[in-house]
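2 protein chains.
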Amino acid sequence: MGISKKKVTPHNTKKVTDMNSFVLKGNICFSKNPHEIQLYDNGYLVCIEGKCRGVFTSLPQEYCHLPLKDYNNNLIIPGLTDLHLHAPQFAFRGIGSDRELLDWLNTYTFPEEGKYRNPAYADKAYDIFVSELQRSATTRSVIFATIHREATMLLMDKLEASGLVTMVGKVNMDRNAPDYLTETTEESIRETRRWLSEAAGKYQRTKPIITPRFVPSCTDELMTALGEISVEYHLPVQSHLSENLSEIAWVKELVPSAETYGEAYEKFNLFGRDVPCVMAHCVHSPEAELELLKKNGVFIAHSPDSNTNLSSGIAPVNKYIQQGLKVGLASDVAGGADVNMLRMMAEAIRASHLRWRLIDSGLPALTFANVFYLATKGGGEFFGKVGSFEPEYEFDAIIIDDSSLATPRELSLTERMERLPYLADSRHIRAKYVSGQQLF
Amino acid sequence: MGISKKKVTPHNTKKVTDMNSFVLKGNICFSKNPHEIQLYDNGYLVCIEGKCRGVFTSLPQEYCHLPLKDYNNNLIIPGLTDLHLHAPQFAFRGIGSDRELLDWLNTYTFPEEGKYRNPAYADKAYDIFVSELQRSATTRSVIFATIHREATMLLMDKLEASGLVTMVGKVNMDRNAPDYLTETTEESIRETRRWLSEAAGKYQRTKPIITPRFVPSCTDELMTALGEISVEYHLPVQSHLSENLSEIAWVKELVPSAETYGEAYEKFNLFGRDVPCVMAHCVHSPEAELELLKKNGVFIAHSPDSNTNLSSGIAPVNKYIQQGLKVGLASDVAGGADVNMLRMMAEAIRASHLRWRLIDSGLPALTFANVFYLATKGGGEFFGKVGSFEPEYEFDAIIIDDSSLATPRELSLTERMERLPYLADSRHIRAKYVSGQQLF
Numbered sequence: 039m040g041i042s043k044k045k046v047t048p049h050n051t052k053k054v055t056d057m058n059s060f061v062l063k064g065n066i067c068f069s070k071n072p073h074e075i076q077l078y079d080n081g082y083l084v085c086i087e088g089k090c091r092g093v094f095t096s097l098p099q100e101y102c103h104l105p106l107k108d109y110n111n112n113l114i115i116p117g118l119t120d121l122h123l124h125a126p127q128f129a130f131r132g133i134g135s136d137r138e139l140l141d142w143l144n145t146y147t148f149p150e151e152g153k154y155r156n157p158a159y160a161d162k163a164y165d166i167f168v169s170e171l172q173r174s175a176t177t178r179s180v181i182f183a184t185i186h187r188e189a190t191m192l193l194m195d196k197l198e199a200s201g202l203v204t205m206v207g208k209v210n211m212d213r214n215a216p217d218y219l220t221e222t223t224e225e226s227i228r229e230t231r232r233w234l235s236e237a238a239g240k241y242q243r244t245k246p247i248i249t250p251r252f253v254p255s256c257t258d259e260l261m262t263a264l265g266e267i268s269v270e271y272h273l274p275v276q277s278h279l280s281e282n283l284s285e286i287a288w289v290k291e292l293v294p295s296a297e298t299y300g301e302a303y304e305k306f307n308l309f310g311r312d313v314p315c316v317m318a319h320c321v322h323s324p325e326a327e328l329e330l331l332k333k334n335g336v337f338i339a340h341s342p343d344s345n346t347n348l349s350s351g352i353a354p355v356n357k358y359i360q361q362g363l364k365v366g367l368a369s370d371v372a373g374g375a376d377v378n379m380l381r382m383m384a385e386a387i388r389a390s391h392l393r394w395r396l397i398d399s400g401l402p403a404l405t406f407a408n409v410f411y412l413a414t415k416g417g418g419e420f421f422g423k424v425g426s427f428e429p430e431y432e433f434d435a436i437i438i439d440d441s442s443l444a445t446p447r448e449l450s451l452t453e454r455m456e457r458l459p460y461l462a463d464s465r466h467i468r469a470k471y472v473s474g475q476q477l478f
Numbered sequence: 039m040g041i042s043k044k045k046v047t048p049h050n051t052k053k054v055t056d057m058n059s060f061v062l063k064g065n066i067c068f069s070k071n072p073h074e075i076q077l078y079d080n081g082y083l084v085c086i087e088g089k090c091r092g093v094f095t096s097l098p099q100e101y102c103h104l105p106l107k108d109y110n111n112n113l114i115i116p117g118l119t120d121l122h123l124h125a126p127q128f129a130f131r132g133i134g135s136d137r138e139l140l141d142w143l144n145t146y147t148f149p150e151e152g153k154y155r156n157p158a159y160a161d162k163a164y165d166i167f168v169s170e171l172q173r174s175a176t177t178r179s180v181i182f183a184t185i186h187r188e189a190t191m192l193l194m195d196k197l198e199a200s201g202l203v204t205m206v207g208k209v210n211m212d213r214n215a216p217d218y219l220t221e222t223t224e225e226s227i228r229e230t231r232r233w234l235s236e237a238a239g240k241y242q243r244t245k246p247i248i249t250p251r252f253v254p255s256c257t258d259e260l261m262t263a264l265g266e267i268s269v270e271y272h273l274p275v276q277s278h279l280s281e282n283l284s285e286i287a288w289v290k291e292l293v294p295s296a297e298t299y300g301e302a303y304e305k306f307n308l309f310g311r312d313v314p315c316v317m318a319h320c321v322h323s324p325e326a327e328l329e330l331l332k333k334n335g336v337f338i339a340h341s342p343d344s345n346t347n348l349s350s351g352i353a354p355v356n357k358y359i360q361q362g363l364k365v366g367l368a369s370d371v372a373g374g375a376d377v378n379m380l381r382m383m384a385e386a387i388r389a390s391h392l393r394w395r396l397i398d399s400g401l402p403a404l405t406f407a408n409v410f411y412l413a414t415k416g417g418g419e420f421f422g423k424v425g426s427f428e429p430e431y432e433f434d435a436i437i438i439d440d441s442s443l444a445t446p447r448e449l450s451l452t453e454r455m456e457r458l459p460y461l462a463d464s465r466h467i468r469a470k471y472v473s474g475q476q477l478f
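Those sequence lines, one after another, are chains L and P.
Quick note on numbering: the first sequence equals residues 39 to 478 in our numbering.
Quick note on numbering: the second sequence equals residues 39 to 478 in our numbering.
Hints in this document: simulated from the structure, not taken from any laboratory.
Hints may be right or wrong, so weigh each one.
For identical chains, the list gives no copy identity; a pair is met inside one copy or between any two copies.
Claimed, not checked - Below, simulated SDA-like cross-link-like pairs (lysine to any residue); rule was C-alpha separation at most 25 Å, straight line:
hint: 1; residue 1: K357; residue 2: W394
hint: 2; residue 1: K245; residue 2: A199
hint: 3; residue 1: K162; residue 2: R465
hint: 4; residue 1: K357; residue 2: I397
hint: 5; residue 1: K162; residue 2: S442
hint: 6; residue 1: K153; residue 2: D440
hint: 7; residue 1: K153; residue 2: L461
hint: 8; residue 1: K332; residue 2: E419
hint: 9; residue 1: K162; residue 2: L449
hint: 10; residue 1: K162; residue 2: D440
hint: 11; residue 1: K162; residue 2: S441
hint: 12; residue 1: K70; residue 2: D136
hint: 13; residue 1: K153; residue 2: S441
hint: 14; residue 1: K305; residue 2: A287
hint: 15; residue 1: K153; residue 2: L451
hint: 16; residue 1: K305; residue 2: I286
hint: 17; residue 1: K70; residue 2: T452
hint: 18; residue 1: K70; residue 2: G422
hint: 19; residue 1: K162; residue 2: T445
Required output: the full structure, derived from the provided sequences and hints.
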């Protein structure tokens, strides 16, 4: 599916010949804010050197010399960001969600993650995972690996080769897990530093992220060291926060000095402020924790599929949007059963309907515009200017061919967009671009 | 994909040569009750003249002469029954679930259903719908058409040709809808009788079912006539019950003499007892209504996808199972966004998790065994001995090839079954049999 070149006419004075400069034509949809979507029937989306230049109803003269790919009646939207998922858990997606979090970790997750000590297993498993992620609507993702350095490097190698842009964490765990999945504190710190030194300068698109699994998995000593490493290397941080009621009670026991779960990260310098930080879930965050999230600019990875599967509850995401918190969407595989981020938009809407009905009719349910923003610009912001087609944004785009979703109706562009979360998956992704590079 | 014949050995005395007698080999799973599943690794499933004879770990001598089809490592399960869906709404699946029921009906549903006055539109729309249903995991379904006799006959013709077994209702509506979708009482009765006379004796697999849309759509006079017609022709009845709080309040106003919504059907002879009856939803049924449902043997069509999308709530299905009510699963397209009944099993489990967390931790969430029963034998019972592989059940089976759901793990048969609701769709249905006839 090459890009057909248009003739360069003699009067083009500013010629951009870079391979990553081109024009896509099609039905374009993107967000500038959480409340409305921008729609262009048969619009032109201009990419200059891997960055968006803008969307136009007719192509400005200055871009007419660029190669143009006409996607005709297809939909063109920003690539989606999956702010939180566990690569090793992809192996058991769809299995075991008859448990709550802590039971599920012990019964399904830890035994599976233990297998990644074996590089041959990791190689096989991560081939499958990366291939599925590459075919999906996701262009960027923030990913947990396991405690194993070698397997984590394997995962990073494969992700780098996929063309996706990701942050990947070697997980740290020095307590409260089975022996086969527990490091000594010293080992955890040493392996983390060794991993960072091996990864340094090796990748263009794949960045390490500091990854204490969650408070119950890490001693104060380890947390202290990870906070120091994050500052020293200026590396972002990811972890879990206020997902499940039993987990929250346990954290309170483990770190009694912390007023909230969030503070149990903050006291170790692992809660934003100086480096980017993303916390998965925030289903049950009290106001004080929300204030800290906001003050420190911490991102929330809303994971509605997982929060339903593991009976965690329903996060009041619309409140977070209203309060100006930074929020994105996440699959949380394998709490979530699928990497399909289109589906996660539907799950976010659906969960918010039940929250409105069952918990608080004062908080409106999420709209399509809300969740489209979360899956694009909301989560994309964790990677910088990502997730929109506004000028200077990274040119991440997916092309969706929805013609197989047959209907006798003439659908408006809004209606075609609105049904994607409920009906579309990797079958419908016709092409994908990341920073102006076409992956397929 | 023909059935390979095994040699008939001379000592077979009871030879069955009927085309609908054969053996399938594969990994077989079915339910006898709501609490446990029956699993056979590499089992034999025997079909004699369109009916199950049984499942065997090794093939009894008396069936060795039958043609045998080896599905190797594929999964073989009973065909699924979709107890409630609206064929004309398939056209706008995935669109408009930002509304609650009554608003959604007026904004999306009624305008779409109005189009089926035009047989050309109905022809096109129902071609799409029937083709998708035929490819899905569904083998039997109970279906709403629209008020239009001609379009309803078109739908029945297409369903008959598909090989699926269905009950289809010309909808009755003589009040509280736009003019273009409202019949006079007389017209509604006349058209219903004419439809029944046209359908009489025309189909093998497609049966008419009396279909008052819901209490708000039908005057007492029309309800009285429909109850009489149902008894006269001994025809089953389908409608909606206790789906949405505003709807329930409205019914109370419309039929103040009825203690419960259910009684507003019962008083017109449209609530089971003498003929089979299925009521969709029962999200908010009070105890008195549940007692009436039980006493009259009325089936509940649990529609978790729809109940979430339209913010209706979460039905306490596990309670209904415990109370011995008759319950099956339904997509309720287009309240539900898809005809994929495998997915509806996941939605039932998922909704029950949230109900457990948010409403009543005293009622356990649904298990895979529970929902597999609902989707097979639970709903199948509306069609008679349907939805199991026990002897004398109709031979409805689907063959699922899950090999594309890649994983590095060795999955047990239980695990393979358990992930189907979360991951499988029509792509994975390799073959389908209805009453012993292979559809594809």
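Checked hints:
| no. | hint | result |
| --- | --- | --- |
| 1 | K357 to W394 | both (12 Å within a copy, 23 Å between copies) |
| 2 | K245 to A199 | within (13 Å within a copy, 56 Å between copies) |
| 3 | K162 to R465 | both (23 Å within a copy, 24 Å between copies) |
| 4 | K357 to I397 | both (13 Å within a copy, 21 Å between copies) |
| 5 | K162 to S442 | between (32 Å within a copy, 15 Å between copies) |
| 6 | K153 to D440 | between (39 Å within a copy, 23 Å between copies) |
| 7 | K153 to L461 | between (34 Å within a copy, 23 Å between copies) |
| 8 | K332 to E419 | within (15 Å within a copy, 54 Å between copies) |
| 9 | K162 to L449 | between (42 Å within a copy, 15 Å between copies) |
| 10 | K162 to D440 | between (32 Å within a copy, 18 Å between copies) |
| 11 | K162 to S441 | between (34 Å within a copy, 15 Å between copies) |
| 12 | K70 to D136 | between (39 Å within a copy, 21 Å between copies) |
| 13 | K153 to S441 | between (42 Å within a copy, 22 Å between copies) |
| 14 | K305 to A287 | within (18 Å within a copy, 53 Å between copies) |
| 15 | K153 to L451 | between (46 Å within a copy, 21 Å between copies) |
| 16 | K305 to I286 | within (17 Å within a copy, 52 Å between copies) |
| 17 | K70 to T452 | within (16 Å within a copy, 46 Å between copies) |
| 18 | K70 to G422 | within (14 Å within a copy, 55 Å between copies) |
| 19 | K162 to T445 | between (40 Å within a copy, 9 Å between copies) |
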